[in-house]
Amino acid sequence: MNTFFANLKIQHKLLAIILFVSILTISTGFGIGIAIDIEESKRELIENMQITAALISEYCISPLTFMDKHGAEEILDKSKTISSLLNAHLFDENNRIFAEYNRFDLIPKPPRSTESFYFEDNFLHVYQPIFFNHSYYGVLYLRISVYPLHDKVIQQVERLSLILIALFFLAYFLAYYLQKFISKPILSLVEVSQKISSNADSSQQAKKFYEDETGQLADAFNAMLIQIRFRERAFFAETERLQVTLKSIGDAVITTDRLGIVEYLNPIAEKLTGWSDEEAYQHSIADVLNIISEVTYLPVENPVRKCLDTGKTVALSGHTILLDKEGGELTIEDSAAPIRNKNNDIIGAIMVFHDVSEARTMERELVAQTHDLIRARDEAEQANKAKSDFFARMSHELRTPLNAIIGYSELLQDDFEDENRDAEDVKRINKAGYHLLSLINDILDFSKISEGKLEIYPKKTAITSIIDNVLSIINPLINKKNNTLVIDCAENIQEIMVDAMRLQQILLNLLSNANKFSEESEIKLNIYSYHARLKYWINFEVIDQGIGIKKSHLNELFKAFSQVSNTSPGLQGGTGLGLVISKNLGQMMGGDVLVVSEYGKGSCFTLRLPMQGIVIEQPLF
Amino acid sequence: MLKKKTPLCFIGFLFLSICVSSSARKLTEQELKVVFLERFTRFIDWPESSRYSLRKEFKIGVLGMTSLVNDLKKTYQNRRIKNKKVIIEIIKTNSDIKDIDILFISQSKRNDLRKIIAKTTPQSILTISDSIGFCQRGVIINFYKEAKRLRFEINEAAARQANFTISYQLLRSAKIIDPLRK
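Listed in order, the protein sequences are those of chains C and W.
In terms of my numbering, the first sequence opens at residue 1 and continues consecutively.
In terms of my numbering, the second sequence opens at residue 1001 and continues consecutively.
Below 20 Å or equal to it, Euclidean Cα-Cα: the simulated SDA-like pairs (lysine to any residue) are:
hint, chain 1, residue 1, chain 2, residue 2
1, W, Lys1084, C, Phe132
2, W, Lys1145, C, Met67
3, C, Lys69, W, Val1035
4, W, Lys1175, W, Leu1150
5, C, Lys42, C, Leu86
Using C-beta positions, here's what the derived DEER-type ranges look like:
hint, chain 1, residue 1, chain 2, residue 2, range
6, C, Lys80, W, Ala1147, 22 to 30 Å
7, W, Gln1077, C, Arg96, 22 to 30 Å
8, C, Arg96, W, Arg1110, 35 to 43 Å
Calculated from the structure, these hints are not laboratory results.
Model, not experiment: these values are computed from the prediction.
We put the CB at the ideal spot given by N, CA and C, even for glycine.
Construct the entire structure; sequences and hints are all you get.
The following block contains the structure:
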């Protein structure tokens, strides 16, 4: 009954409640009214009968006093005008029956001597003791039927029932009309919400009828709808964005729910597995992603399953073969991660993988190539080393006889001069010997450099001694070609930490080159310091006004065994290793040798060295 | 409850009725008149001017020859009227009619009746008789028989003349002679 009522429509519920309440109150009112009426009638009856009894007993006093039975009976007989009076019994002072009147037979019972009444078996029993001047004369007993009272009550109930039915219908019509004030907005709201839920159409609007709570409900509902619409749009945008993102990913992506049922495949995943997104939807991941071990060719545990079980990110990094829908094999690299919601509960898994078949092939080829290259490099290095070894040994072996040649040619020269003989030939031998020695030294240096055996020994040296040493060697050469050397050394540079011998070698090389390609002109040596790249540097600039170098030849300049001077064979001399050695030495000392040149105007060679450990007497700037 | 008690009540009722009926034998006409005498007094008030209120005893006088005297004496030996001790006096002559409350006039005084009443009325003495026609001649209460039943008649005018107040209860049972409202 309770669930029956609870499941009623709100309209019927309201109707039922209103009717129930009104009927209950009306009938209760009627009931109370009838009860009061009955009580009233009873009281009235009792009162009437008591008065009647009192009156009759008054009349009975004298018959009782004078034992006038006949008179008493006459009096009682007159009471038959009271229709509901069934019996009247008069008892004398000794409580003996004195006179009686019976409409219905009744054996007189011993009377009660006190005034009293009671209802019993639909009869009112009244006892009226008779007193006169404080003397007791007897008792009058009356038995009265209450049927007229019953009839009256029944009549009343019938009348009220009719009214009740009339009121019921009135209440029904009123309630039916009035309940709409409550049910109509709610029903309209229900209708709208049903439309929305069935069509998923959130463009509906709840109609607002009144400014009461239902109105507020409608307002709130509409506000909620707006929210929903807003969120829906945001959600769609987000979903679309996510879809687009997943589609754009260069790897294959598969997402599943908590149970490993496929929810989404991006296009690359579609391509690799051979399953379309629609086909795969609601399939188990094991169906879509059939993978076996690359080594054993046995099925391996699906990473999605594993990550759903363990809750950890799983990567099988490339020992897996994916069998696609048609049975094709692909080597893949995959990883799977659980998708967690805000509460950190796992709600699904995402798997990312990509085809590494091509990469694998390329890798293998690359490895083979690398092997070849390493071998070729090793061979080349070995050959180079053999060459360097050969050069070093050769040079060393050559120097010994050459020293003998130079030594003896000098002795011969001395002897010839003592004897005043022409020593021109001997001088030529000596000069050629020296030239050969310098060539051999160059080759030795070069081979040492290329083998990495050459070492630098920096020492604190005065710049002046370096310049003096260089001048003593280069001056005769310069004079020979009628050139002039101008040296400009910044005053702040006094002592420098440098391998003096190697510095001199470079400077001599640069200056002799300048001298070699100039005639009757000025050669400058500028020495100065500057700050760059968080360091202090010292530059040695050698500037000539010679023939210069063509731009196309600048790149060849520092390569071994190449000589720009090819173009001017008459002026050449040396192995062509000088600049290479200088550049290498400069680099080994932490600096470099650079060149700026204009063909036909002159060149500028710069040795740049870092000023490590340079002792400066005056502040630089 | 009541029904359960019914047998007991019934037995009690039976017992009571046996006792009552055995003790209350039927009264003779003579005795009835004596009893009625007292009962009349219940409904009659003596005027305050009379000697009635000054006495401690209730005096009944009997005039003329009647057998009622013995019964009266016997009956009221121990009973009281209007809560007073009862004294029965035999009145011999008319001049002795004084200082009494009730005077019973026997049939033998028929011829003297006018004089007797002339004496009793101013003294507010209740006159009672049991002779036909006495009431019409001025006696206040007179017994008579009707269908074998003892009845009485009251001369209302005479009672009024003697300044008696008679209750309607008494009047109702009586046959009224010379009523005040005709």
